[in-house]
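Chain by chain, the residues:
Protein chains: 2
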Amino acid sequence: MVDIATRVWNHKWKIDPIVRSLIDTDFYKLLMCQSVFRNKRDTQVTFSLINRSQQVPLARLIDEGELREQLDHIRSLSLTRGESTWLRGNTFYGKRQMFTPEFMEWFESMRLPAYHLERVGDQYELTFEGSWPEVMLWEIPALAVLMELRGRAVLNDMGRFELQVLYARAMTKLWEKVEHLRQQPQLRIADFGTRRRHSFLWQDWCVQAMLEGLGDSFVGTSNCLIAKNRDLEAIGTNAHELPMVYAALARDDESLARAPYDVLADWHEEHEGNLRIILPDTYGTEGFLKNAPDWLAGWTGIRIDSGDPATGAEVAINWWKNRGEDPRQKLVIFSDGLDEAKIIELYEQFKGRVRVSFGWGTLLTNDFRGLTADDRLAPFSLVCKAVSANGAPTVKLSDNPNKAMGPKDQIERYKRVFGVGEQAAQDVIV
Amino acid sequence: MVDIATRVWNHKWKIDPIVRSLIDTDFYKLLMCQSVFRNKRDTQVTFSLINRSQQVPLARLIDEGELREQLDHIRSLSLTRGESTWLRGNTFYGKRQMFTPEFMEWFESMRLPAYHLERVGDQYELTFEGSWPEVMLWEIPALAVLMELRGRAVLNDMGRFELQVLYARAMTKLWEKVEHLRQQPQLRIADFGTRRRHSFLWQDWCVQAMLEGLGDSFVGTSNCLIAKNRDLEAIGTNAHELPMVYAALARDDESLARAPYDVLADWHEEHEGNLRIILPDTYGTEGFLKNAPDWLAGWTGIRIDSGDPATGAEVAINWWKNRGEDPRQKLVIFSDGLDEAKIIELYEQFKGRVRVSFGWGTLLTNDFRGLTADDRLAPFSLVCKAVSANGAPTVKLSDNPNKAMGPKDQIERYKRVFGVGEQAAQDVIV
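Residue numbers (full-length UniProt numbering), protein chains in the order written: chain A, 1 to 430; chain B, 1 to 430.
One thing to keep in mind: the hints can contain errors.
A pair holds if it fits inside one copy or across any two, identical chains being indistinguishable in the list.
Said to hold, decoys possible - Listed below are the simulated SDA-like cross-link pairs for lysine to any residue, each with C-alpha atoms no more than 20 Å apart in a straight line:
(1) K173 x L371
(2) K12 x R355
(3) K173 x A373
(4) K351 x R188
Treat the hints as calculated values from the structure; they're not laboratory data.
All figures in this text were calculated on a predicted structure; none of them were measured in a lab.
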């Protein structure tokens, strides 16, 4: 029976909003936001969209008016009572009251600041300027909107059953990965796929399929809204933007060299346990670990997000050994360009030597490769990064020169300050 | 928004009925029923379920109580006003008023007669006795109920997403066949898959997918209810039960030899055009055509339903040539054990030499092969046939000795009367 009122209601929407909640974002964004709110609240930053896949002509695929409508809709969002209650009341990694009353009060009245959008050739220039804790919350919804609008542009031409078969194929593809992964019952995997997901509904499906198919091996999702709706654990710690902005704020080379550790000193004060995860690659993992203060070796684990993952894990294991720590008590989280075969390979390589976990991103929530003619739904490499802080440009090196970002002279300066030598280049898939 | 009333209503059903309409049946059943109603109304027949796939233990898989509930539900059905209107008013192959007022009046008050059900070992003995025009209408719903209950028994153990992926895989599998078939835009295919379908909803999906994917190449469905609901042409002509019962009623060898032609003489009076399709294999195609009266060569086409299909088509073409007919004006309908590769092969072999059409059955509406562990959803060979008429046993020989049916001595007698020699055996897939 058709629910007539629902149908009429649905027709009243001017648009089909892609992002419908401020907590449809990665959990670590909120953790970092609280840290920034406490430590660097007045820092003025600019975030900018960067399409590393120039062969995807976003401005030809996506109508500018539609993009503006979606972004405007996100600016109209505020935290709902239920979302606030969930953030205030939830237990994250066994800890209650992760978010302070001061932060929650601020968050409840926060609205996302204005955006600047301009078409430049076949790409969009999309930037966000303002105070760091506000601007940083644009990253995930901006990426999700662009990824999903690009998908809709492709789906627009397809027939009803063609669409159903497209999703049938995508479901089958994911389920085959799940069947492959569950042959390793000790595996631990989380969904990290919000930012470059095919769509919200598809991510939600993927998470539920993982839950049924993997059981205890599926430990949670980085997406707060899905975690809330599906009664799952929200997963995440911190990301490159913290050291990037701290570094840009450094007044000289000496404080630049100290910046990545300052970030973690602030973090150390605020967090414990599973939230104490080192992300060492912003300016080269090797130098970072070599110069790290001893208290960092006491942290719970390391997240490997660029470079060859097995090499990164070996570097981490050796570092712990050198600092007198038992790697078998430590956690390595792999989160860069993973697919299920790589996950199993890394798991088999490191199980027993270190605790291993996986943050599975784009190839979990957006693996539409090979499912359409010309592969027009294949995921691509879109990021939204802090490009300046209080007027100074930011720099990222990572363990893969293909992921480096920033003005050329500054990249050279950072390489010198952080002692980064030759790096092996890796293809950036997603 | 949940439609509460609908949900409560759905919970009030004692069972989830598999067959919900008397026209959820093959169109040729109704055509034959009208012919029987006119010519052999008082013939007493017995129809019986025969599971050719003894390895499928139906009585262990299907609860007897559930089976009875489904069969009882079918006995409660009567033709609805809309169904009657559709049958009375529709155009079939361009002809209006296919069904006479007398037949419709009878059909509107018809209820299916009692059934006899008994468990024998791991199988069910299911028989129907009574007047021919009533009993014959049990065939399709009885088969559909048993096929779907067996499917439900397997699906019962599966998780929610596992189920969704099962159907995703089945959709993908069918769509790949559709993509293969549409490379031949001149192909003409109809759905003949009611009797051994996976389920009603699945057949309905398959028909709609064919409609979108194949466009004009999809010419209709044998299922009257789906044809009505989806605004399609209902397809079909006649089947083996007519010559089988006519033959069983023959009093001596001479009238036995004439029986298959008597059937078609009655049919000839009642039908024209696309409904004049010869089904020649009941007692061997070769002898049937050799002894056929000349007026039969004027019929529109021949349906090939057993034996090697290419051989059967060649026999038909040669017969038309020998009778002075132009095969290019004639229609060959292939309908036995087809899958998409075989369809394309036969199409390429015969296009230009004869008009070709395909009645695609079980591997359209029930190809779940390879989709579950142990292949427990693979289709199997279940039939429901007339086994006696006015006390005399029926016999079927067909062009494949593996499809022969009837008492041994009668099979020998029929072979003698119809001059059937050695036959090549073919595996019966479905």
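Hints, one by one, checked against the model:
no. : hint        : result
1   : K173 x L371 : both (10 Å within a copy, 14 Å between copies)
2   : K12 x R355  : neither (51 Å within a copy, 52 Å between copies)
3   : K173 x A373 : both (17 Å within a copy, 18 Å between copies)
4   : K351 x R188 : within (11 Å within a copy, 57 Å between copies)
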